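Using the sequences plus the hints, can you model the full thing?
Number of protein chains: 2
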Amino acid sequence: MIRIGISGYGNLGRGVEAAVAAAQDMQLVAVFTRRDPESVNLCTAGVPVVSFDKIKEYKDKIDVIVNCGGSATDLPLTTPGIAEDFNVIDSFDTHARIPEHFANVDASALKGSKTAIISVGWDPGMFSVNRAYMNAILPDGADYTFWGRGVSQGHSDAIRRIPGVVDARQYTVPIDEAMQRVRSGEQPVLSTREKHRRECYVVAAPGADIASIENQIKTMPNYFADYDTTVTFISMEELKEKHCGIPHGGCVIRTGYTNGRKNAHTIEYSLKLDSNPEFTGSILCAYARAAYRLALRGDFGCKTVFDVAPALLLEQSPEYMRAHML
Amino acid sequence: MIRIGISGYGNLGRGVEAAVAAAQDMQLVAVFTRRDPESVNLCTAGVPVVSFDKIKEYKDKIDVIVNCGGSATDLPLTTPGIAEDFNVIDSFDTHARIPEHFANVDASALKGSKTAIISVGWDPGMFSVNRAYMNAILPDGADYTFWGRGVSQGHSDAIRRIPGVVDARQYTVPIDEAMQRVRSGEQPVLSTREKHRRECYVVAAPGADIASIENQIKTMPNYFADYDTTVTFISMEELKEKHCGIPHGGCVIRTGYTNGRKNAHTIEYSLKLDSNPEFTGSILCAYARAAYRLALRGDFGCKTVFDVAPALLLEQSPEYMRAHML
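Read top to bottom, the protein sequences are chains A and B.
If you read the first sequence in this note's numbering, its first letter stands for residue 1, the second for the next number, and so on.
If you read the second sequence in this note's numbering, its first letter stands for residue 1, the second for the next number, and so on.
Take the hints with a grain of salt, since some may be wrong.
Since the list can't tell identical chains apart, any single copy or any two copies may satisfy a pair.
Unchecked claim - Taking lysine-lysine and the PhoX-like style, the derived pairs with C-alpha atoms no more than 25 Å apart in a straight line are:
| hint | residue 1 | residue 2 |
| --- | --- | --- |
| 1 | LYS111 | LYS56 |
| 2 | LYS272 | LYS195 |
| 3 | LYS262 | LYS272 |
| 4 | LYS262 | LYS240 |
If you are wondering where the hints come from, they were derived from the structure by calculation, not from laboratory data.
Nothing here was measured: the structure is a model prediction, and the numbers come from that model.
Below, the structure is given as structure tokens:
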């Protein structure tokens with residue numbers, strides 16, 4: 001049994017917990033939190049909730065820590081901080097800072113002879129893996145990534161920070177026409193506005209200035225100003241009834257040529273997810289298995305999904321895979 | 001430069017040749033054939049065509065042989081036959097005999113301290129890799145593979161063997177309704193007939209018994225009897241004008257659940273290819289690069305696509321990939 005620890009118990013931590021519970025070859029040993037451990041109730045019976053400050057006491061009791069903190073402030077510190085003592089997985093998704101995070105985690109993991117895999121999830125993660133395969137096969141081509149229809153937590157939070165907003169849910173929606181143009185092979189140059197639109201469902205406080213809220217959303221730099229954005233005001237009841245899920249999805253499409261542009265090809269990978277954190281948690285769980293196996297064979301240091309062979313992710317044996325999946 | 005040899009110069013061999021020509025880090029050293037070398041004209045200038053009997057003379061001049069023979073009789077002999085002297089890639093696709101072929105190639109490659117990767121292509125190959133990732137992420141689920149719309153060489157050949165048939169082209173066509181049912185997540189049990197239909201375009205000899213040919217096709221065991229099959233007789237001119245390409249494609253779809261079936265997810269990987277052999281040749285070329293790199297690091301023996309990390313397939317450096325593809 002691979003002994004798993006989860007650090008951070010929000011939506012993603014619960015997603016990992018569910019995936020570990022479903023795996024035959026894994027057991028959850030402890031969940032670490034920065035909150036008061038007494039205030040955290042797990043879904044798995046009999047597993048202790050421990051203060052993050054005490055994580056190093058579990059050095060010999062846990063094979064892999066799945067670090068479920070946030071990318072903005074938590075993961076850049078905690079993943080390198082624990083990688084010397086534990087094999088560790090995280091879902092670091094601040095694309096621009098990946099090289100720096102990789103270097104920090106690599107140094108720490110090598111120092112402790114441990115294996116870390118960073119930026120695991122679906123983007124970065126499965127979408128990245130697919131971009132790699134697609135680029136390897138069709139070097140003469142162009143790839144495009146579309147996200148949604150799905151809930152963006154960051155954009156929903158940005159709306160909630162506007163005065164007069166009680167709650168909000170924002171959906172990122174890919175634009176069909178753009179996807180069709182990409183699939184046709186024309187390799188279009190697409191602006192931000194042409195690729196995605198944003199749908200906002202907002203619960204306003206009684207007496208709030210609706211027009212002002214709508215204007216503040218639509219003109220918000222980085223988040224909404226570059227998109228066609230719709231704002232719909234709804235009641236808290238409707239928000240809870242119709243927008244309680246955390247669905248997401250998207251696709252990576254690459255079109256390219258072979259034989260001096262004589263022939264054209266299209267490769268597409270797409271996801272449609274009822275629960276973004278549960279799906280992401282399932283990916284983290286599979287890569288935790290891979291980290292454990294890489295560490296066993298002495299392949300230490302920081303890795304990404306590019307460095308992990310698919311066979312390392314599955315419970316099934318290589319013989320089974322060759323006979324049934326090849 | 002990775003020095004490549006191609007063994008077998010049919011459609012697939014030409015597809016590999018085009019892919020090697022497009023790669024910045026590879027050069028084609030020789031093409032080996034069982035035909036009279038004088039009768040073979042390559043697309044690449046200055047590359048010798050050599051009798052297959054002399055392949056071992058190239059032992060120190062070639063880094064990887066891409067073996068483009070047929071799965072029925074050629075690859076089971078030639079891949080293990082050369083794996084002791086060369087790193088080698090093949091596209092062996094007789095699913096039931098993969099474990100046996102793997103064992104033979106593994107023994108030979110280990111004896112010579114070489115690296116072999118078998119069953120490379122898109123199915124087996126990219127479809128297999130995707131089945132592996134999908135199963136790793138969603139262990140509680142079901143996957144489905146659909147092929148086409150595309151030309152099946154084997155089925156076209158089977159029609160051509162019927163007396164009175166001059167030429168023929170067979171298209172395998174996936175049935176939309178079945179794909180929609182799979183995508184919906186219902187995990188249907190589908191018969192052979194419900195998944196694909198077969199379209200045949202046949203050129204008959206003058207005076208041939210058309211009705212008998214049609215009946216022989218539609219009742220042919222294994223090839224057509226289990227499918228809804230349409231037979232259309234056309235002229236040789238029309239065959240050459242409208243059916244000269246070798247397009248193919250298909251998709252792998254897995255639907256599954258997380259968190260005790262509370263949430264459902266769909267993963268889909270699809271291909272739409274103008275030229276099946278050129279796309280397959282491009283995949284073989286990328287895995288030849290991986291075989292070269294695995295051999296350099298002393299990772300010998302037989303591998304499949306399951307054992308190869310994506311990073312090994314690309315010309316680009318790991319640093320570039322982390323900065324631009326992750």
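We went through each hint and held it up to the structure:
no., hint, verdict
1, LYS111 - LYS56, "within (16 Å within a copy, 46 Å between copies)"
2, LYS272 - LYS195, "both (18 Å within a copy, 22 Å between copies)"
3, LYS262 - LYS272, "between (34 Å within a copy, 15 Å between copies)"
4, LYS262 - LYS240, "between (53 Å within a copy, 18 Å between copies)"
Checked against the numbered hints given earlier, this structure breaks none of them.
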